[in-house]
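K.L.:
Both chains are sitting in their own frames, so use the hints and assemble them into the complex.
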Amino acid sequence: MEMSQLLNNGEISSVDLTKAHLERIDEVDGQVKAFLHVDREGALAQARLVDTKRKSGEKLSPLAGVPLALKDVMTQRGIPTTCGSKMLEGWRPPYDSTVVTRLRSSDVVILGKTNCDEFAMGSSTENSAYFPTRNPWDLTRIPGGSGGGSSASLAAYEAPLAIGTDTGGSIRQPAAVTGTVGVKPTYGGVSRYGLVAFSSSLDQAGPCARTVLDAAYLHEAIAGHDPLDSTSINAPVPPIVAAAKDGNVKGMKIGVIKELQGDGYQPGVLKLFNQSLEELAKLGAEIVEVSCKYFDYALAAYYLIAPSECSSNLARFDAMRYGLRIGEGSAEEVMNSTRSAGFGKEVKRRIILGTYALSSGYYDAYYGSAQKVRTLISQDFKDAFEKADVLVSPTAPTTAFKIGEKSNDPIAMYLNDIATIPTNLAGVCGMSLPSGLAEEDGLPAGFQIMAGAMKDDRLYKVGAALESALTKKWGGGILEKAPKLVAK
Amino acid sequence: MISREDVANLAKLARIDMSDDELDHLASELSVILDAVARVQEVANSDVPPTSHPIPMTNVFRIDENRSSLSPEDALSGAPASEGQRFKVPQILGEE
Chain A
2 MEMSQLLNNG EISSVDLTKA HLERIDEVDG QVKAFLHVDR EGALAQARLV
52 DTKRKSGEKL SPLAGVPLAL KDVMTQRGIP TTCGSKMLEG WRPPYDSTVV
102 TRLRSSDVVI LGKTNCDEFA MGSSTENSAY FPTRNPWDLT RIPGGSGGGS
152 SASLAAYEAP LAIGTDTGGS IRQPAAVTGT VGVKPTYGGV SRYGLVAFSS
202 SLDQAGPCAR TVLDAAYLHE AIAGHDPLDS TSINAPVPPI VAAAKDGNVK
252 GMKIGVIKEL QGDGYQPGVL KLFNQSLEEL AKLGAEIVEV SCKYFDYALA
302 AYYLIAPSEC SSNLARFDAM RYGLRIGEGS AEEVMNSTRS AGFGKEVKRR
352 IILGTYALSS GYYDAYYGSA QKVRTLISQD FKDAFEKADV LVSPTAPTTA
402 FKIGEKSNDP IAMYLNDIAT IPTNLAGVCG MSLPSGLAEE DGLPAGFQIM
452 AGAMKDDRLY KVGAALESAL TKKWGGGILE KAPKLVAK
Chain B
4 MISREDVANL AKLARIDMSD DELDHLASEL SVILDAVARV QEVANSDVPP
54 TSHPIPMTNV FRIDENRSSL SPEDALSGAP ASEGQRFKVP QILGEE
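Quick note, the sequences are listed as chains A and B, same order.
Per my numbering, the very first residue in the first sequence carries number 2; after that it's consecutive.
Per my numbering, the very first residue in the second sequence carries number 4; after that it's consecutive.
Pulled out of the complex, with its shape left as it was, chain B reads as follows (with noise of 0.2 angstroms):
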């Protein structure tokens, strides 16, 4: 079970405001939707090792050299805002 305060929770912790409506209806569906999910528990036996990826990786490394890359202007290109070079953001840090 997931409480509506859990999903408030969540919310929070994803960086997303969340209507009454919204945490009221996610919270059932999650539930089901979790109940659904939850028997994975039913197969996953210590002895088994996850995989988190399809493929066996490696690191990729290349030389360090200079090479070409996007322009200022490209890269500011979509930002909501800026200022010279630079990204303009809201305040980050507090007052004090």
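For reference, chain A alone in the conformation it holds in the complex (with noise of 0.2 angstroms):
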């Protein structure tokens, strides 16, 4: 929000702003590797408009001018959306996701595509085609996934805003380990046109910042039925912006999930967490204890769920309207061979378990029992919030892992979701913001507050007031206490 009070006050052009940004993606991408694509024109085209509106005295939307990255899954009309996949390297939607169009109406600038996991598969963008993206706190570790791209070219300061999506924590769990905000809006509280579908009960797209305010205005420009989406919620927005700036939490009932610490957790990661309740507590809030004994079942539902919708939403990739054609002879052999070459280990292995979970005499031992635990999970969450106004856990059970250590073992890396799986299969909503530096390696871990349905400000709420704590404690920002990237 500094950046939208600079632009306002006429201290610096979105130009000017656009192209230090762009310059800081030439000097340090290279190293973090978060971007696909940038569209350093049609940035600068788009400063250019806004600047002339600006200077012509139009009334602009607090965030007109400021850059923003956008994650490879959500279509922008003629750039190049690849889902981080051989299947769509080179495709050029003919439209644009309604995402953007609101991005658009708000003249916020879009710097280019954000590297992820294949179709927004995975825990640690290892799974992109192309490559995997870095931690800007070390380079030698994972940004989280499937959105590392995301959150990693906001620790770089590459973007100063970036558009995520959340299946299973691909927003919330890059945030945790980049030491940036994440949001998961409530499920059909932003409109999914124009986002390629992994799990179509399950994704969501939502906002990535620095601070809960900044993720609070994009979230609110984003937020909003969209007829062109039949799972859009037809309700008013929640009063996000007003929450992140009241932050008031007296009073506040805040509930801890019993399930969700403890065994798996990394004990630093579990004291910060725990440092980030006493800070709530001397504000007023009230910490009671809730227990949502189904969760621990959430995670297996989960890998039952994502892959059967995966691998019915992924036949749409036949090699016949758009993307890669490989081989010769009848349609089928080219359908064979061309998903064969184009799609990646993680997307195959998901299609054949959700094939397999789908398939006539295991659907109900399998998807059928799925879709029970996750009307147990949505039951938990319902009676826990009947104890408390929000629920609180860590957002990922480790900080960043090294990349590589977890590749070969995908149970180990399923794990890394166990916190923030149960808000997607409830359909309620969630944020990661820091909670500290972990003491065994000095790396960020995060802290998630869950709201239910359409209570998203909640969220906002709780958010800005642990922030304005922590920031005051740490006397600054976390992102200030991580290392210099300099140009190589």
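It should be emphasised that the hints constitute simulated quantities derived from the structure, not laboratory data.
Be aware that a few hints might be false.
Taking lysine-lysine and the DSS-like style, the derived pairs with C-alpha atoms no more than 27 angstroms apart in a straight line are [unchecked claim]: (1) A:K474 x A:K251; (2) A:K272 x A:K407; (3) A:K251 x A:K346; (4) A:K87 x B:K15; (5) A:K485 x A:K403; (6) A:K20 x A:K60; (7) A:K456 x A:K383; (8) A:K294 x B:K91; (9) B:K15 x A:K20.
Only some residues are given here: those of chain B computed to face chain A with a beta carbon under 7 angstroms [said to hold, decoys possible]: (10) L16; (11) A17; (12) D20; (13) V51; (14) P57; (15) P59; (16) P83; (17) G87; (18) V92.
Here the structure is a predicted model, which means the values were calculated and not measured.
For each residue, glycine too, the CB sits at the ideal point set by N, CA and C.
P.N.:
In structure tokens form, the structure reads like this:
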């Protein structure tokens, strides 16, 4: 929001701001590798347009002229959209996603497309078909996933705002391990039109930023009913920005989920979580413990539901209407060879798993049972929200691990999302913000806040309160403690 | 347990050619993953209704009227092959 003020006061132009970010990308992205595509011309043209509008005295949105990085699973007309996959290499979509349309009407400057795990399947951005993205805190470590490019671009100061998508934690877990803020809105709160589908009943686009208030402005700009998405909720957007400015938690009940701590969580991450709770208590919040006993089954249910939906959604990549086409012979032969060459290992693994879970004879035992677990988890949330206004947990069980450390062990990789997945299964909303640096390794950890459907404003109220208390304690934002990246 | 033949059949259903190596690898990996996710059955009793979607879904209708859509050029812009205003695809039906 500092940038917004400078722009508004005429102290800097959007063109200068955009150029500064493009230069920063030139300097450090060779090391960070956050971007798959940088749209220099488009960004500068948009910036010039905003500067002209501002000069003519037009009333502009608070985000007008501010640059943003877009996760490469969102369509933007004429701009390469690969989803981190060879299947869509070189594809330029003929239409804008609703998120892009809304960013345009807020005069946001889109810098380019950020790297992600192929079709957003992964927790480390190592599954990108192009290259892994590196964590700006330690270039030998993962930036989280699937939206590692979006979060890394923020932490490396290549962009002040970014868009992510979150199916099981792909906005929140990267935010946690890069020391940034990420929000998964209520399911249906932000339109999915133009978001390349992975798991349609779980996917949700949302804001990534360096502060809670920045995320709030971006969230409000992209949220709201969209007739082009039949799952979009037709109700007023909660007062998100007002809640982030308010940040008063006095008298609020904050529920600590018993099942999302303990075994498997890094001691330093848990320590920071407990210190954050103390800060919230000092601010007048009441901390209560709640139990969500079916959360133990969330990961298992997720790894049946998401692959099942993905096996169906990714059937559209049939080599006929767009994307890759490889091989000769009948349509079926061409499909077989194209999908063999175009999809990476993790995507194939999930398509096969989903095909199995949906096949006759196994449907009830696997997909059907997972859907029942989903009901139980929603019930857990409902009961917990009767005892507390928001629920909290560490965002991810550990800080960023080394690139390559878990890539041959799918189960260990899946465990990264153990605390973020329940939110997606129930369609409620969640935020991750930095809780500090873990004592073992000096790397950032995340504090997760969850609220009921269409209660997104509560995330911002609690998030703003905690952020303000912690930055006072640290004497500045957490990213100021990150090692400085310099051009090589 | 999931056998190599099971995986080969699933790959055929999913229209993905797979090498022998891939089939071997996936058969062992999927067995481990399926063991881990099968625990959903422990609590999925018959009295629990399934949830397919996190929010109540209703049919969405719109007024049946003309409105603008993608132009044929735009719709074909990403096609691997096209002819006139049509997608050009490999043979779908057999000879007979």
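K.L.:
Just to be careful: measuring from the Cβ of P83 (chain B) to every Cβ in chain A, is the smallest value less than 7 angstroms?
P.N.:
Check passed: Cβ of P83 (chain B) comes within 4 angstroms of chain A, closer than 7 angstroms.
K.L.:
Would you check the hint for K272 (chain A) and K407 (chain A), treating anything up to 27 angstroms between C-alpha atoms as holding?
P.N.:
holds, 24 angstroms
K.L.:
Hey, K87 (chain A) versus K15 (chain B), does the alpha-carbon distance stay inside 27 angstroms?
P.N.:
Roughly 21 angstroms separates the two Cα atoms, so the pair holds.
K.L.:
Tell me if the interface restraint on A17 (chain B) is satisfied: Cβ within less than 7 angstroms of some Cβ in chain A.
P.N.:
holds, 5 angstroms
K.L.:
Given the hint that K474 (chain A) pairs with K251 (chain A), does the C-alpha gap stay at or below 27 angstroms?
P.N.:
Distance of about 19 angstroms is within 27 angstroms: holds.
K.L.:
Against the 27 angstroms threshold, does the CA-CA distance of K20 (chain A) and K60 (chain A) hold or violate the hint?
P.N.:
holds, 23 angstroms
K.L.:
Does G87 (chain B) hold up as a contact with chain A if the rule is Cβ-Cβ below 7 angstroms?
P.N.:
violated, 15 angstroms
K.L.:
Within a Cα-Cα threshold of 27 angstroms, do K294 (chain A) and K91 (chain B) meet the stated pairing?
P.N.:
It is violated: about 54 angstroms lies between the C-alpha atoms, which goes past 27 angstroms.
K.L.:
Given the hinted pair K456 (chain A) and K383 (chain A), is their alpha-carbon gap at most 27 angstroms?
P.N.:
Holds - the C-alpha atoms of K383 (chain A) and K456 (chain A) are around 13 angstroms apart, at most 27 angstroms.
K.L.:
Given a cut of 7 angstroms on the nearest C-beta pair, is the interface hint for D20 (chain B) held or broken against chain A?
P.N.:
holds, 4 angstroms
K.L.:
Close enough to count: is the Cβ of L16 (chain B) nearer than 7 angstroms to one in chain A?
P.N.:
holds, 5 angstroms
K.L.:
Starting from K251 (chain A), check that the Cα of K346 (chain A) is at most 27 angstroms away, please.
P.N.:
Status violated; Cα separation ~49 angstroms.
Checked against the numbered hints above, the structure violates hints 3, 8, 9, 15 and 17; every other hint is satisfied.
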